[in-house]
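Trainee: In case you want the letters, here they are:
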Amino acid sequence: MKKPKVDIAALPGASAREIDDRLQVATPLRRLFNKVFPDHWSFLLGEIALYSFIVLLLTGTFLALFFDPSMQEVVYNGSYVPLKGISMSRAYETTLNLSFDVRGGLIMRQMHHWAALLFMAAIVVHMLRVFFTGAFRKPRELNWIIGLSLFWLGFTEGFAGYSLPDDALSGTGLRIASAIMLSIPVVGSWVTTSLFNGEFPGQDILPRLYILHVLLVPAILLVLITVHMALLVKQKHTQWPGPGRTNHNVVGIRMFPAFSVKAGGFFMIVFGMIALLGGIFQINPIWLFGPYKAAVVSAASQPDWYVMFLDGSTRLMPPWEFRGSLFGYHYYTLPPLFWPTVVLPGILTVLPMLYPFMEARWNKDRQSHHLLQRPRDVPNRTALGAMAVSFYLVLTLSGGNDVIADKFHISLNAMTWAGRVGLLIIPPLAYYVTHRICLGLQQHDREVLAHGVETGIIKRLPDGRFMEIHQPLADVDHHGDGDGHGQLEYAGWVVPKKMNRVGALPPTERGFFRPVEDATQREDGHVPEMSAEEKHQAEILSGD
Amino acid sequence: MTDTTHHAAGHAADEEFDADDPRMTRFDLVREGARRDGVEIVHYEPRFPVPGTRREKRIVRSLALMFLLVGLFATAFVVIYIAWPWHYSISNDNAKWFTPILGLTLGLSLALLGVAMITWGKKLLPEEIAVQDRHDGPSDSTEAKLTGQTILNMGDELGLKRRPVLGLAALAGLAPLGAVAAAPIIGGLIKDPHTTGPKLADGQKSSILTTTGWTPTEANPGPIALTREDGTKIRPEDVSVGGQMTVFPGIPGGASNEYADSPTLLIHLRDDDAAALEATLINENKGPVEGFNWKNYVAYSKICTHAGCPASLYEQQTNILLCPCHQSQFKITNNARPIFGPATRRLPMLPLALDPEGFFVAGIVQKDGSIVPSGYTVPVGPGFWERSDKIS
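From first to last, the protein sequence lines stand for chains A and B.
Sequential numbering of the first sequence, starting at 1, is according to my numbering.
Sequential numbering of the second sequence, starting at 1001, is according to my numbering.
So here's chain A without its partners, still in its complex pose:
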């Protein structure tokens, strides 16, 4: 028999050629490898959301193998003794089974829940980053809108998932959701009855939410995330201003291998953290809540954190109900629930989506922007953002005001009133304070650029006055006003404000628990050098 000759060393090259013959991928593939990503810690936040989503898909698939959303009444006969013999829905029973009778089911459930919380948190923080740095500006308005849609889809997905186990908390949440739908004028009762297929809770809502939770919403999420990423690749990442960075280039590292190794490592860290959370920190112990019973509720029934702001708005809403006859014909009711749970989310969806266009209009700005702005340099936007954040925080805190009242022995009614008043007073206050802080920071930047860095050296002048010596950031001669002050132009990026930042003092020592290197003397005999990035900065600052 003849031995077929295979040249192992030539195999990769040969197969690459075969693939390229068929797909012609050499050029696009290399273009992908060479794609440049700028580096900054704040660019990682969106990645956390992406990675959590992947973990959600993985753990969710496992859960779906064991979970049954049926609302059929069964009698529990599983391993968890305290609930034996209790009648409950099949959905609740299978969730219990996942927690007690499926090997590794509990950690999967808990990882799924933690990943969901992290997903929403990462979305929110990422959104704040994008807002405060102006990354939403032209040409990225569409991606901003997609991002906001992702938040609300994640919100819906999370709520559906929270409802599925059919424990006491999910049932209470669903009941409130049905009341919210009921409050919609004209069509409310029709919408509710149609979705629940009759009266709350009926037999059909969980199977319907299930298909929403495992198919419809995740599919839309997946498509939107893909478009979100595709737009990112097409439009390329924004970057902070800095040496050599302009509106027309991207300065960073190439995607393969450096960026992808770091990103992949970061994925593993996020995954690992979710595993640690899911294993060690109990979440949603549904066996303690018991099955949903319409007559039972406990104090401190809180939704997941990302729903709490709407819970808060509902609590703070004064009891204002509008009633009256329309065309003198029939008497109608507009319940107070409508405003904080339907109108408010509507505003919170539409207003941010329009914001990029509104800002561009105010500033008469039709340019494309790829360089980020420091929040201090755009005081109005930053202050508006602080206003929005404080509004959100008051609502979120009010979502747990009964717990706060209980733990700190404050009257519950006082908490509600504090929330109502706070909601009106704190946001404008936050606007004012933030605006002032931004201006102050701006001014300090300009001062350092004009006078230099404070050295901490106090000099006594012959006439007895004391003054501090400033280290100018650049040579002053060719600015030529002769008084030792050269006005440097602000570059939109961090102005060094400490002596060790301009190389006049050794850099701070590295190491967390103990220094890993002597700041002045490395073991290989090198005096520590500035990184290439810092060198660039120094060159720019010295005006060369």
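Calculated directly from the structure, the hints in this document are not laboratory data.
All C-beta atoms in this analysis are idealised placements derived from N, C-alpha and C, irrespective of residue type, glycine included.
Keep in mind that a hint or two might mislead.
Label-pair restraints from in silico Cβ distances [said to hold, decoys possible]: (1) A:R361 to B:L1146: 26 to 34 Å; (2) B:L1146 to A:G244: 32 to 40 Å; (3) A:R436 to B:R1026: 54 to 62 Å; (4) A:V227 to B:P1046: 35 to 43 Å; (5) B:P1046 to A:H444: 38 to 46 Å; (6) A:Y490 to B:A1175: 52 to 60 Å; (7) A:G324 to B:T1195: 49 to 57 Å; (8) A:T349 to B:L1189: 20 to 28 Å.
Here are some chain B residues pointing at chain A (derived, C-beta under 10 Å) [to be verified]: (9) D1037; (10) E1128; (11) E1284; (12) P1288; (13) I1303; (14) C1325; (15) Q1327.
Starting from the known structure of chain A, arrange chain B on it as the hints suggest.
Mentor: Chain B alone, transformed into the frame defined by chain A:
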């Protein structure tokens, strides 16, 4: 920096670039590839130009250790997953450690892998600054025009301008087809709340918005007894003074979630509280003879009129019912009027009466002493658009 020389070299290469030139290093080819992709590698420097320094060795050592630990923890995860006595039971104390140990091993394994990868990237890969051209801005004006005209030509080819009738006809045909797509979804789901309730005692259709398990129906004409969760009936003496009890309609499944709007709170008021209630009783809570309360007993719907949670936290001292969901508070001694929080309507009062055997039933006592079965006389639970009663 060598920026300028590289640019010059790049230009020269355009004309006479030979990928097979043996003098070129691999990185020369990489750089040329990047250049063709609009990427200039302006700074590229190995972390450790001299192999084998102590620092490099140390990093390699710790990386290797990390990878070994990744494998160790992963193996531990698999072994524990398979071998641990994980199954929950009273006698198995080890079961409670299963999930934490799985999380610890998996989490450490993955996190260490992540740290190792990032360390590799940051400490061993060459230091690099690459600059990519953004190629932003609108497309070339000629390009834009060509595409625009191509699109407009599509319209010309279809000839809608010449044959407008066709456009209208197509529209007239397609609009109903769109409705076909919507029909199954809306048509399949839609349900009229106003006619899908139970058949009433007189055979009429009813609305699910206004009926509860207490409503006398064809199937359960009443009077419907107040029962505990297990279905047993209740006598006045079963509730102590100042006490309360959650009661359900005494019909099949009355305590189940099928009648989620029916749970009711039966309260035995103290004498002076009962007097306060009697004094404030509104007309809607009165029958032809007396109030819906029965002596010192009063029954309110447990379903909050705000968002439907059970308003079940009973403050015995202040006679206030608190809903734990959004903190609406209702004054028991005044028709359960909302006195704080977002609720706008009082909790409906269930008309109470005693049947001949001395059990509580839902019904209104008439002048002749007979009991007419009656559920709640106003809709229970959260408000809705069609709700037409004016009282609160």
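Trainee: Hint by hint, where does the structure go against what was stated? Just the numbers, ascending.
Mentor: 7, 11, 12
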